[in-house]
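J.: Listed here are the chains, written in short residue letters.
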Amino acid sequence: MGALAAPRPSLLRPGWLRPYRYFAFRYKRTWRGTVTSSILYPILYLLAMGLGLGHLVNSHLHAVDQTGRLGGVGYVQFLAPGLLVASAMQWGTNESMYPVMGGLKWLKTYHALLATPVRVRDLVSGHLAWVATRVGGASALFLAVLAVFGDVPSPLGVLAVLVAVLTGLAFAGPVAAFTATQENDAALPVLYRLGTVPLFLFSGTFFPIAQLPGWLQVVARATPLYHGVALSRALVLGRVSAPAALAHASYLVAMATLGAWAARRTFTRRLVV
Amino acid sequence: MQHAEARQEDLSASREGRGRPATRDEVVVARHLEKRFGDFVAVDGIDFSVERGEVFGFLGPNGAGKTSTMRMVSCLSPVSGGELSVLGMEPNAHGPEIRRRLGLVPQDDTLDLELSVRDNLYLYGRYFDLPRREVRQRVERLLEFAHLSEKGDEEVDNLSGGMKRRLTIARALISEPELVILDEPTTGLDPQARHLLWDRLYRLKQEGVTLVITTHYMDEAEQLCDRLVVMDKGKIVAAGSPRQLIDTYSTREVAELRFGVDENAAAAERLAELAARVEVLPDRVLLYTDDGDEALRAALGLGLRPEASLVRRSSLEDVFLRLTGRSLVD
Numbered sequence: 001m002g003a004l005a006a007p008r009p010s011l012l013r014p015g016w017l018r019p020y021r022y023f024a025f026r027y028k029r030t031w032r033g034t035v036t037s038s039i040l041y042p043i044l045y046l047l048a049m050g051l052g053l054g055h056l057v058n059s060h061l062h063a064v065d066q067t068g069r070l071g072g073v074g075y076v077q078f079l080a081p082g083l084l085v086a087s088a089m090q091w092g093t094n095e096s097m098y099p100v101m102g103g104l105k106w107l108k109t110y111h112a113l114l115a116t117p118v119r120v121r122d123l124v125s126g127h128l129a130w131v132a133t134r135v136g137g138a139s140a141l142f143l144a145v146l147a148v149f150g151d152v153p154s155p156l157g158v159l160a161v162l163v164a165v166l167t168g169l170a171f172a173g174p175v176a177a178f179t180a181t182q183e184n185d186a187a188l189p190v191l192y193r194l195g196t197v198p199l200f201l202f203s204g205t206f207f208p209i210a211q212l213p214g215w216l217q218v219v220a221r222a223t224p225l226y227h228g229v230a231l232s233r234a235l236v237l238g239r240v241s242a243p244a245a246l247a248h249a250s251y252l253v254a255m256a257t258l259g260a261w262a263a264r265r266t267f268t269r270r271l272v273v
Numbered sequence: 274m275q276h277a278e279a280r281q282e283d284l285s286a287s288r289e290g291r292g293r294p295a296t297r298d299e300v301v302v303a304r305h306l307e308k309r310f311g312d313f314v315a316v317d318g319i320d321f322s323v324e325r326g327e328v329f330g331f332l333g334p335n336g337a338g339k340t341s342t343m344r345m346v347s348c349l350s351p352v353s354g355g356e357l358s359v360l361g362m363e364p365n366a367h368g369p370e371i372r373r374r375l376g377l378v379p380q381d382d383t384l385d386l387e388l389s390v391r392d393n394l395y396l397y398g399r400y401f402d403l404p405r406r407e408v409r410q411r412v413e414r415l416l417e418f419a420h421l422s423e424k425g426d427e428e429v430d431n432l433s434g435g436m437k438r439r440l441t442i443a444r445a446l447i448s449e450p451e452l453v454i455l456d457e458p459t460t461g462l463d464p465q466a467r468h469l470l471w472d473r474l475y476r477l478k479q480e481g482v483t484l485v486i487t488t489h490y491m492d493e494a495e496q497l498c499d500r501l502v503v504m505d506k507g508k509i510v511a512a513g514s515p516r517q518l519i520d521t522y523s524t525r526e527v528a529e530l531r532f533g534v535d536e537n538a539a540a541a542e543r544l545a546e547l548a549a550r551v552e553v554l555p556d557r558v559l560l561y562t563d564d565g566d567e568a569l570r571a572a573l574g575l576g577l578r579p580e581a582s583l584v585r586r587s588s589l590e591d592v593f594l595r596l597t598g599r600s601l602v603d
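Line by line, the protein sequences give chains A and B.
Residue 1 is where the first sequence starts when you use our numbering, and the numbers rise one by one after that.
Residue 274 is where the second sequence starts when you use our numbering, and the numbers rise one by one after that.
Since the hints were made in silico from the structure, they are not lab data.
Treat the hints loosely; a few may be bogus.
Listed below are the simulated DSSO-like cross-link pairs for lysine-lysine, each with C-alpha atoms no more than 30 angstroms apart in a straight line [unchecked claim]:
| no. | chain 1 | residue 1 | chain 2 | residue 2 |
| --- | --- | --- | --- | --- |
| 1 | A | Lys105 | A | Lys28 |
| 2 | B | Lys478 | B | Lys437 |
| 3 | B | Lys437 | A | Lys105 |
| 4 | B | Lys424 | A | Lys105 |
| 5 | B | Lys508 | B | Lys478 |
| 6 | B | Lys506 | A | Lys108 |
| 7 | B | Lys506 | A | Lys105 |
| 8 | B | Lys424 | A | Lys108 |
| 9 | B | Lys437 | A | Lys28 |
| 10 | A | Lys108 | B | Lys437 |
| 11 | B | Lys424 | B | Lys437 |
| 12 | B | Lys424 | A | Lys28 |
| 13 | A | Lys108 | A | Lys28 |
| 14 | B | Lys478 | A | Lys108 |
| 15 | B | Lys478 | B | Lys424 |
Modelling step: build the complete structure from the supplied sequences, incorporating the hints.
T.: Here it is as C-alpha cells:
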C-alpha cells in the first residue's frame, strides 16, 4: 500500500489550498442563488435609493446647501461605493458564523479535515481565503452593476473590489474567532443585531459620519467598516488622498491580520484538545 | 513499568509459539502514556505496542479512556505525558506527516451529509493532495470495497447507519494508509451490518494493513483482534490475545443460572462450593468452571430450581467482569 504517497505542502501546494478546495466544491451547490442575489441586491438598492430617497435628498441638498454635504455628487453616487463595502462586511460576517459553527459542531467537517495532513492553521487560512474569494466575486458583480448604472465615475473604482475583500476579511477573521468560542449558535443572531446592523447604519454608508454626535463619530472611526467605506468612496469617485488612503488600508490590513491570528488561536483551543 | 515489560515478554513468547516472526516492527509504541484534561486524568500512564499487520484492540466501557488514546495516536489530541511513537515519529512534533500515512474512522462519522457519497470520498482524497485522476480511480475501487457502488450519487444524508459507517471506513482508506484507527466501528449497527463490516476489516488485515480498534463489544474483540488490552478508568488492566485472556482470567465454561430477582444472592451462597468462582449479577448467577454441565447437575442435585439456565464457553465479558467486578455494557 501507499504506492503513491501524498505530497507535502510547498509553495506551489500551500496547506490552505486543501480546505479551500473543499469550501469551493461545496459552493457549487449554491452558487446560482448567491450570484443572483449579488446582482439583484445592488439593483434593488439603486432603484429604491435612486428613484425614491435619492430624489428627495438631492432636491433638499440643492435647496439648502449649494456646495453639497455629500461632496457635490448625487445621493446614489455617494451611497453606491459605501453600499458595496457594507455588503462585503455582511458577506464576510455571514461566512464566518453558521458555516463555521457547522464545520465545528453540526456537520463536524472540520474534524474530518484535521484527521488528514491539514493543520488548524491551514483550516483557518483556507477558510479566510475562501471568504476572500466569495467577497471578491460578489463585489466584482456588484461593482459591475454600479458601473452599468453609471455610478463608477473613476477607473480607480476597480480597486474598490480589493477594499471590499479587505473589509470582508477584517470582519470574517474576528467573527470566525468569536464563533469558535461558542458552544451553540445562540449568540450569533445577537452579534448580528448588535454588531453588524448598527455598523451598517452608522459607518458612513448612508450619510457622512459628520452628521453623528461627536462621540459616535469617534466610535465609527474605530470600526473597520468606516475605513472601508471611506476608501471605497474615494476610489470610486476618484478623489483619493494618498495619506488618508494609506491609513484606511493599513487599518483594514491590521484588523484582518489580527482577526486571522485570533481565529487561529480560538480554533486551536476548540479543536486541539 | 516493570510489570509492563514482563507482560511484553510474555506476549512475544506466545507469538513465536504461534509461528510469527520474532523480529518486531512496531507501528505504535506507548510508554506511560497520559492524557489529562485539567484535573481529570483520562489516560493514566498506559504501555502498549502495536505490531505491523496485526489487529490490536482496546476493550473497555464508555469513559475508560479508549477514545482519548485513539485521538492521541491519530495526532488529533496532544500527549499530556509519557512517550508515544506512531510510525516511528512523535505525534506532538510530526502530526501532519503521521496523519498522511494513517486512516482514522472516528466515533462520529463527520461526513458531509449534504454532498454525495462519491463527493465525500473524492474531497477527502484531495485533502491529501492526491492528483485528481488518482483519487477518482481510488473512489471507484473503494465504493466497491464498501459495497456502496450503487449509492455513489446518493446524498449521504439518505444512507443508513451501516452505510455511513462503511463510507467512513472507505474514506479513511483513500490515502492507502499503513495504519487504520477505528474508534467503535460498529456501535449502533444491527447484527447484519456489523458482520459485513467485520468482513471488510478482515480483508484489510489480509492486505497487510495494521488495524487498531476500540470497542465495548466482547464478540467484536474476540472476532477481530489478534491482541488486545482491557482498559478501565484510564488504565490497562490486562493484555494478551483473546484466548490468553480467557485462559488467564476465566475458566473454560460458564454455567448461568437465573433465579427470581431476590433469590440470586441466596442461591449463590449455596452454589459457592460447586465452581472455581461464583459471580452474582442482578439478574443471574454465574458459575465459573471447566465443566458447566457437571456444575449445573450438581446445582440441581442440591435441590436448587433455577427459572432458566444455560452453559456456554467463557468470553471476554467474563474476563472483564473478573477484572473490574462490573459488566461491560450497562
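J.: Give a verdict on every hint.
T.: Going through the hints against the structure:
{"no.": "1", "hint": "Lys105/A / Lys28/A", "verdict": "holds, 22 angstroms"}
{"no.": "2", "hint": "Lys478/B / Lys437/B", "verdict": "holds, 21 angstroms"}
{"no.": "3", "hint": "Lys437/B / Lys105/A", "verdict": "holds, 18 angstroms"}
{"no.": "4", "hint": "Lys424/B / Lys105/A", "verdict": "holds, 26 angstroms"}
{"no.": "5", "hint": "Lys508/B / Lys478/B", "verdict": "holds, 27 angstroms"}
{"no.": "6", "hint": "Lys506/B / Lys108/A", "verdict": "holds, 27 angstroms"}
{"no.": "7", "hint": "Lys506/B / Lys105/A", "verdict": "holds, 27 angstroms"}
{"no.": "8", "hint": "Lys424/B / Lys108/A", "verdict": "holds, 22 angstroms"}
{"no.": "9", "hint": "Lys437/B / Lys28/A", "verdict": "holds, 23 angstroms"}
{"no.": "10", "hint": "Lys108/A / Lys437/B", "verdict": "holds, 14 angstroms"}
{"no.": "11", "hint": "Lys424/B / Lys437/B", "verdict": "holds, 11 angstroms"}
{"no.": "12", "hint": "Lys424/B / Lys28/A", "verdict": "holds, 21 angstroms"}
{"no.": "13", "hint": "Lys108/A / Lys28/A", "verdict": "holds, 20 angstroms"}
{"no.": "14", "hint": "Lys478/B / Lys108/A", "verdict": "holds, 29 angstroms"}
{"no.": "15", "hint": "Lys478/B / Lys424/B", "verdict": "holds, 25 angstroms"}
Consistency with the previously given hints is maintained throughout, with no hint failing.
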